[in-house]
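**Student:** For chain X, the structure is supplied; the task is to place chains H and A on it using the hints.
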Amino acid sequence: MKQQFLDLEIKTNGQKLYEFTNETINWIKDNNFMNGTINLSIQHTSASLIVQENADPDVQTDLINYFNKLVPMDNSLYIHTTEGKDDMPAHIKSSLTNNQITLSVKNGKLILGTWQGLYLFEHRLANQSRKIIFHFLGD
Amino acid sequence: MKQQFLDLEIKTNGQKLYEFTNETINWIKDNNFMNGTINLSIQHTSASLIVQENADPDVQTDLINYFNKLVPMDNSLYIHTTEGKDDMPAHIKSSLTNNQITLSVKNGKLILGTWQGLYLFEHRLANQSRKIIFHFLGD
Amino acid sequence: MKQQFLDLEIKTNGQKLYEFTNETINWIKDNNFMNGTINLSIQHTSASLIVQENADPDVQTDLINYFNKLVPMDNSLYIHTTEGKDDMPAHIKSSLTNNQITLSVKNGKLILGTWQGLYLFEHRLANQSRKIIFHFLGD
Chain X
1 MKQQFLDLEI KTNGQKLYEF TNETINWIKD NNFMNGTINL SIQHTSASLI VQENADPDVQ
61 TDLINYFNKL VPMDNSLYIH TTEGKDDMPA HIKSSLTNNQ ITLSVKNGKL ILGTWQGLYL
121 FEHRLANQSR KIIFHFLGD
Chain H
1 MKQQFLDLEI KTNGQKLYEF TNETINWIKD NNFMNGTINL SIQHTSASLI VQENADPDVQ
61 TDLINYFNKL VPMDNSLYIH TTEGKDDMPA HIKSSLTNNQ ITLSVKNGKL ILGTWQGLYL
121 FEHRLANQSR KIIFHFLGD
Chain A
1 MKQQFLDLEI KTNGQKLYEF TNETINWIKD NNFMNGTINL SIQHTSASLI VQENADPDVQ
61 TDLINYFNKL VPMDNSLYIH TTEGKDDMPA HIKSSLTNNQ ITLSVKNGKL ILGTWQGLYL
121 FEHRLANQSR KIIFHFLGD
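Heads up: the sequence lines are chains X, H and A, in that order.
Residue numbering for the first sequence follows the numbering used here, beginning at 1 and increasing consecutively.
Residue numbering for the second sequence follows the numbering used here, beginning at 1 and increasing consecutively.
Residue numbering for the third sequence follows the numbering used here, beginning at 1 and increasing consecutively.
Okay, chain X solo, but in the shape it has when bound (with noise of 0.2 Å):
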């Protein structure tokens, strides 16, 4: 049993969803994981971790679109302030997602539909850097 960890570090330039599946399916590959548990941490809470369709690329603009408009950029609806319109509802939309996505390999693939993709999503509006920590555990 081998436990490995990296770093990734994704940059960011506004609202958007970031795929990072082929990061994830040469780490496996170049490190010949077989089987076990890929958990993935983001370390910060105004981005989250999502699993979504990648094939219609309109899906990720609904996508974006539909939580603007769930968590308003307003800031008359938070006592969170300091840090610009989009930080509280960053914070939020984190939390009605995911920091942490813990994905399968079995024999040396990564656990995915056909239509899944691994991505990123920002919800910040200016320029980020963003580190996700990967936690291979198996054989």
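Errors might be hidden in some of the hints.
As the list claims (entries may be wrong) - DMTMM-like cross-link-like pairs, simulated, lysine to aspartate or glutamate; straight-line CA separation at most 20 Å:
1) A:2 / H:139
2) X:2 / X:30
3) A:109 / X:74
4) X:106 / H:7
5) X:85 / A:56
6) H:131 / H:23
7) A:85 / H:62
8) H:131 / H:9
To be verified - So the derived label-pair ranges between C-beta atoms look like this:
9) A:69 / X:61: 23 to 31 Å
10) A:34 / H:57: 40 to 48 Å
11) H:108 / X:65: 41 to 49 Å
12) X:26 / H:57: 39 to 47 Å
13) X:26 / A:109: 24 to 32 Å
Please keep in mind that the hints were generated in silico from the structure rather than gathered at the bench.
Every residue, glycine too, gets a C-beta built ideally from N, C-alpha and C.
**Tutor:** For chains H and A alone, kept in the frame of chain X given last:
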């Protein structure tokens, strides 16, 4: 330390919660799993995995109604409409809930609260065949 | 490879975030856990587990207020009302957040971002006694 996988197929017919707690418990018993984690991955982004109350069925009805109000099936709100009025809402509901859940097994028993059940939450209207991949890691 | 479990009881008095980051860190230290996963399972469906900002307490107030607006305590909206106006909303909030979270431990340290804390998010109004089961798997 052993690892084992199972593909569970659940046929769904509309927006409901489909319990699979017993299937999970039976898998543990049949394989004599003692301690470890079970990582569940649904291979779709228009249905989710959730842990919810298994006592009063009205809870499930209220949950479905709530999510339908929160994420309206109204094509004028979305760009991605080619797969039907329920598809984009299904993707959003999937992001608001979970595609992956990790449960623990202790002394051969699935760790769930007295009133907790394990459910597939179907967000599409038409019949679907859904696949959940189970992954046990432990001893 | 070792596995260990802990039952943590948290007494709550109303809708707040109850931090248990230190309890988690101390458990790791006391048992000399080096590398592995900690799977957390809350044994209830009317309270959640979330990772949130631990810096400005206003973030927590805004979060609670937001969820109360998103999921109104209004019995006319729900069928399941026998357990009080806050019960069905609590179940919904639980589904919108998480009942399970898996964290990683690396070189004896819990992997959390600088501004991240680990919280029980209580959704009920009356006093409750909540149980979270910790499960370490690693070495």
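**Student:** CB of residue 69 of chain A to CB of residue 61 of chain X, is that within 23 to 31 Å?
**Tutor:** Since residue 69 of chain A and residue 61 of chain X have Cβ atoms about 26 Å apart, the given range 23 to 31 Å holds.
**Student:** Please check whether residue 108 of chain H and residue 65 of chain X have a Cβ separation lying inside 41 to 49 Å.
**Tutor:** holds, 47 Å
**Student:** Has the given pair, residue 131 of chain H with residue 9 of chain H, been kept, meaning a C-alpha gap of at most 20 Å?
**Tutor:** holds, 5 Å
**Student:** Given the range 39 to 47 Å, decide if the beta-carbon distance of residue 26 of chain X to residue 57 of chain H lies inside it.
**Tutor:** Holds - the Cβ-Cβ distance for residue 26 of chain X and residue 57 of chain H, about 46 Å, lies within 39 to 47 Å.
**Student:** Quick one, are residue 85 of chain X and residue 56 of chain A close enough, alpha carbons at most 20 Å?
**Tutor:** holds, 15 Å
**Student:** Given the hinted pair residue 2 of chain X and residue 30 of chain X, is their Cα-Cα distance within 20 Å?
**Tutor:** holds, 15 Å
**Student:** Residue 85 of chain A and residue 62 of chain H were given as a pair; does the straight-line alpha-carbon distance stay at or below 20 Å?
**Tutor:** Distance of about 13 Å is within 20 Å: holds.
**Student:** Take the C-alpha atoms of residue 106 of chain X and residue 7 of chain H, compute the straight-line distance between them, and say whether it is at most 20 Å.
**Tutor:** Roughly 12 Å between the alpha carbons, so the hint for residue 106 of chain X and residue 7 of chain H holds.
**Student:** Holds or violated: are the alpha carbons of residue 131 of chain H and residue 23 of chain H at most 20 Å from each other?
**Tutor:** holds, 13 Å
**Student:** Next pair to validate is residue 109 of chain A with residue 74 of chain X; report whether the Cα-Cα distance is within 20 Å.
**Tutor:** Roughly 38 Å between the alpha carbons, so the hint for residue 109 of chain A and residue 74 of chain X is violated.
**Student:** At the C-beta level, are residue 26 of chain X and residue 109 of chain A separated by a distance inside 24 to 32 Å?
**Tutor:** Once the Cβ atoms are compared, 26 Å apart, the range 24 to 32 Å for residue 109 of chain A and residue 26 of chain X holds.
**Student:** Next pair to validate is residue 2 of chain A with residue 139 of chain H; report whether the Cα-Cα distance is within 20 Å.
**Tutor:** holds, 10 Å
Of the numbered hints listed earlier, the single one contradicted by the structure is hint 3.
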